[in-house]
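Now for the letters of each chain:
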Amino acid sequence: MSVGISIKHAVKRYGQNTVIPDLSLEIQNGKLFTLLGPSGCGKTTLLRMIAGFNSIEGGTFSFNDRIINDMDPGKRNIGMVFQNYAIFPNMSVRKNVEFGLKHRSLSKEEIKQETDRFLNLVHVDQYADRMPDRLSGGQQQRVALARALVIKPDVLLMDEPLSNLDAKLRVEMRTVIKNIQRDVGITTVYVTHDQEEAMAISDEIAIMKAGVIHHCGKPKDIYQRPADLFVATFIGKSNLLKAKLFVTNGRCRVEFLNGYEAEFSNIRKEEHREREATVSARPEELLVHFGESAQPKDGIRGIVSDSMFLGLNTHYFVDLETGEKVEIIQESRIDSILPPGSPVLLTLNTMKANVFDADSTLSLMDGVENVAGPAASDQAGRN
Amino acid sequence: MGNLKKKADVWTAISFLLLALFLIFLLFPITQLLKESVYTNGAFSMDAFQKFFHQRYYYETIGHSTKIALSVTVVTLLLGIPFSYFYSFYQLRGKKIIFVLCLLCTMSAPFIGAYAWILLLGNSGLITQMLRSIGITGITIYGEKGIVFVQSLNLFPLVVIYMNGAFKDIDNSLMEAAESMNCKGVERFFRVVMTLTMPTILAAAMLVFMRSFADFGTPILIGRGYVTFPVLIYNQYLGENGADYHFAAAISVIAVLITALIFLLQKYATSRFKFTINALHPMEPQKPKRISGILMNLFCYLPIAVALLPQLYIINMSFRNYNNSVLRPGYSLVNYQKALDKSLVLSICNSLIISFATLAVIVLIAVLIAYLVVRRSNVLNHAIDTVSMLPYIMPGAVIGIAMIIAFSKKPFPLTGTLVIMVIALAIRRMPFTSRSATAAMMKVPISTEEAAISLGASKLSAFAHVTVPMMSNGIIAGAVLSWVSIITEMSSGIILYNNNTITLTIGTYESITAGIFGVAAVFATITTVFTIICLFIYLRFAKSDDDVKL
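Taken in order, these protein sequences are the chains called E and V.
As numbered in our numbering, the first sequence has no gaps in its residue numbers, which increase by one up to the final residue, 383.
As numbered in our numbering, the second sequence has no gaps in its residue numbers, which increase by one up to the final residue, 550.
Quick caveat, the hints were computed from the structure, so don't treat them as lab data.
All values derive from a computational prediction rather than experimental measurement.
Just so you know, even glycine gets a beta-carbon here, dropped at the ideal spot from N, CA and C.
One or more of the hints may lead you astray.
For lysine-lysine, the following DSS-like pairs were computed, each having C-alpha atoms within a straight-line distance of at most 25 Å [as the list claims (entries may be wrong)]:
#1 E:95 / V:443
#2 E:95 / E:75
#3 E:95 / V:459
In silico negatives: residues of chain E with every beta carbon more than 12 Å from chain V [said to hold, decoys possible]:
#4 33
#5 76
#6 151
#7 159
#8 176
#9 303
My request is simple: use the sequences and hints to build the entire structure.
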């Protein structure tokens with residue numbers, strides 16, 4: 001039976017070194033929840049605390065209402081998939097999958113039946129009697145998945161399961177994982193440092209840095225309305241532009257270093273006050289105007305320094321008159337690519353771009369959906 | 001936010017159990033030995049040390065042992081390093097054979113080599129007589145040079161095996177980089193190859209030194225007047241007026257101080273070469289030019305032949321007709337008949353019982369220590385690990401004396417039993433076995449064990465069903481080498497045995513000293529047969545040559 005996971009005020013210390021200062025998290029039953037962050041952010045540490053392989057220095061971990069802090073890993077009824085697969089090299093594929101079942105009181109027939117079912121599910125049934133060293137990386141990972149799932153765990157924990165696979169297989173396997181997770185309907189905690197992978201498979205993502213969750217929410221919300229500058233730059237590519245926020249008659253204007261002004265209608269009421277700001281614009285949120293005729297009244301001027309043709313899109317690297325550099329993505333056009341040295345005028349898609357307080361780095365926008373709450377972000381801001 | 005306490009589990013209990021075992025069977029004998037060396041008639045006294053340093057006959061034994069050990073170390077390095085260089089960097093004929101023969105050399109008991117050379121170059125040896133017939137005299141195996149010769153032949157393959165592993169870790173691109181900077185040939189060998197393998201050279205040198213320093217069989221058989229310290233300890237133990245444990249203990253303490261000093265020097269030297277190398281592109285052996293190729297092959301096959309052929313000669317002699325030490329014409333099985341009367345069967349049984357019992361004990365303990373050190377790194381477990389390494393610097397004769405002193409009276413009256421020989425051998429082999437088990441353990445990823453635990457296996461079950469099988473190749477290879485060295489062990493056994501606990505090696509020694517050369521040849525032959533069996537078992541389990549941990 002799948003469970004929800006609740007973590008309250010978790011603390012992890014290694015000696016004097018605090019890795020996770022105070023972390024709270026709710027993971028809903030049946031969801032695929034991803035811990036995403038740069039290496040060393042504490043995501044694997046947290047996963048191993050849930051699994052029971054790391055000691056817990058503070059706070060409570062519970063599955064549904066059952067506190068599991070002091071429970072042995074073997075008693076928590078978890079399935080775990082490891083980065084290096086951790087297939088037992090001395091046992092055949094079948095023996096690997098059976099391993100967990102043998103530690104439960106099941107009859108021989110039941111063990112065989114269940115093993116077969118899961119070998120089928122991950123499509124390795126034809127290799128059942130092979131030794132693991134004769135399987136490819138992808139096949140080993142499928143075996144690892146079957147072995148973790150066959151014991152009907154309450155929670156499936158996956159620690160960077162795809163990072164040892166090559167790029168193509170990674171894409172294939174993440175679909176496999178996503179589908180199997182949905183079919184089995186098991187609460188899953190997934191650790192990765194690959195943001196694309198996280199976006200592709202997750203119901204919900206927690207972005208971590210230095211043991212603190214900066215943003216926890218749906219992939220779309222995190223991408224479009226990141227809670228702070230770290231999240232904006234970590235998820236996807238963001239151009240950061242220095243600016244000032246002015247409020248006149250309840251309307252917010254943002255003025256860039258060259259004097260270009262853009263009006264933002266979606267800044268939270270309580271944040272309506274003059275201040276230094278940072279505007280984060282995705283490469284597709286900067287609009288390019290070429291030629292003399294179609295110029296809007298105002299914008300930021302720049303010179304194209306380089307371009308990269310990637311088929312569907314063309315990337316331009318532009319040096320702005322403000323001294324800042326930005327990257328822009330345009331759908332490729334049938335005529336020519338702008339040569340280096342071309343002058344361009346940029347304006348902002350103010351519906352999509354985000355404005356952050358320059359000091360706290362927190363978002364000022366309406367519509368930030370962050371389950372982790374601003375408290376966590378506040379703390380991150382101070383760090 | 002408490003919860004800092006580490007939960008005590010089954011491994012904590014194992015830690016304490018191991019600690020207790022080491023306290024009783026290792027630290028207790030060592031302290032008894034120390035006490036015996038400075039107490040006489042119940043009072044503190046340094047008289048034994050004074051006696052040792054006042055008589056030339058006594059103190060020069062330490063000088064002899066050190067001199068021999070150093071000479072042997074130098075000779076084996078001079079022979080072993082070029083040998084291995086040719087072996088690793090050039091295509092030689094019958095590489096696999098060279099490697100197997102090298103293994104056989106190191107596995108065979110040094111005193112069997114010594115005995116073979118007595119048969120060849122002794123007073124009435126084959127070669128001696130041939131030389132005498134053409135008028136050449138004065139060439140003899142007895143004395144200092146003979147000991148160095150015999151030990152070097154026995155130990156140089158050890159250097160070869162160590163160096164083969166190190167040369168394999170040298171990346172080809174390093175050699176090419178050196179060559180691109182116009183450093184090649186001999187210059188490259190000294191400036192690049194030697195420097196890169198220095199940690200291994202030092203490790204091999206240390207091992208050779210310890211083995212030579214502690215060797216009892218060779219000096220007692222061919223030393224004649226040239227007394228080394230294990231022989232001196234044995235003589236004190238046998239003393240005409242009963243065993244002089246007090247003096248033997250003092251000599252032991254002095255010997256251990258010297259080995260400890262050498263050990264620390266080696267550690268210091270090694271610490272100056274702290275790096276790890278790992279080859280992505282190992283060297284491709286090159287085809288040597290014709291003349292140098294012949295010379296290289298000669299350089300490799302000649303010493304192996306010199307080391308091994310005499311042992312074949314022993315097998316031949318075991319079938320010759322002997323009348324005590326006088327050779328008669330013709331071949332027969334009469335020596336085997338006599339050997340059977342001389343408790344050959346008992347010796348074989350004892351050797352097998354002792355070796356298997358010892359092996360079971362040390363493999364079990366070594367695997368447990370390896371787990372504790374690698375997975376449960378804490379002060380207690382590191383202390384256990386360090387203590388388990390102590391015997392590395394304790395020559396066999398010293399351990400023998402320590403056992404006798406500690407376990408000849410209550411509460412542990414074990415003298416004269418097989419148990420005490422098992423304990424002594426287990427202690428002697430512990431450092432080697434625990435090192436190879438730890439190395440094997442390091443290669444087992446922790447996640448594999450965690451996978452087992454997360455699937456509901458208990459800690460012990462995960463250890464037994466997942467960890468140990470994954471270590472098994474390394475452990476078995478190490479265990480076979482331990483087995484052969486237990487079978488061929490002599491220096492502690494000679495002190496601990498009696499008529500009921502006689503072993504193959506001691507049987508050989510007894511027959512030689514009694515002058516019944518034919519019977520000795522039989523005992524030596526049987527020992528060699530066991531060695532060869534070990535070699536084949538070993539080759540079956542060692543995956544590659546770099547698994548060799550002697």
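These are the hints, each one checked on the structure:
1. E:95 / V:443: Answer holds: residue 95 (chain E) to residue 443 (chain V) is near 22 Å, not above 25 Å.
2. E:95 / E:75: holds (21 Å)
3. E:95 / V:459: Holds, at about 19 Å.
4. 33: holds (18 Å)
5. 76: violated (8 Å)
6. 151: At roughly 6 Å from the nearest Cβ of chain V, residue 151 (chain E) sits no farther out than 12 Å, so the non-interface label is violated.
7. 159: violated (8 Å)
8. 176: Correct as stated: the minimum Cβ-Cβ distance to chain V is 19 Å, above 12 Å.
9. 303: holds (43 Å)
This entry does not satisfy hints 5, 6 and 7, going by the numbered hints stated previously.
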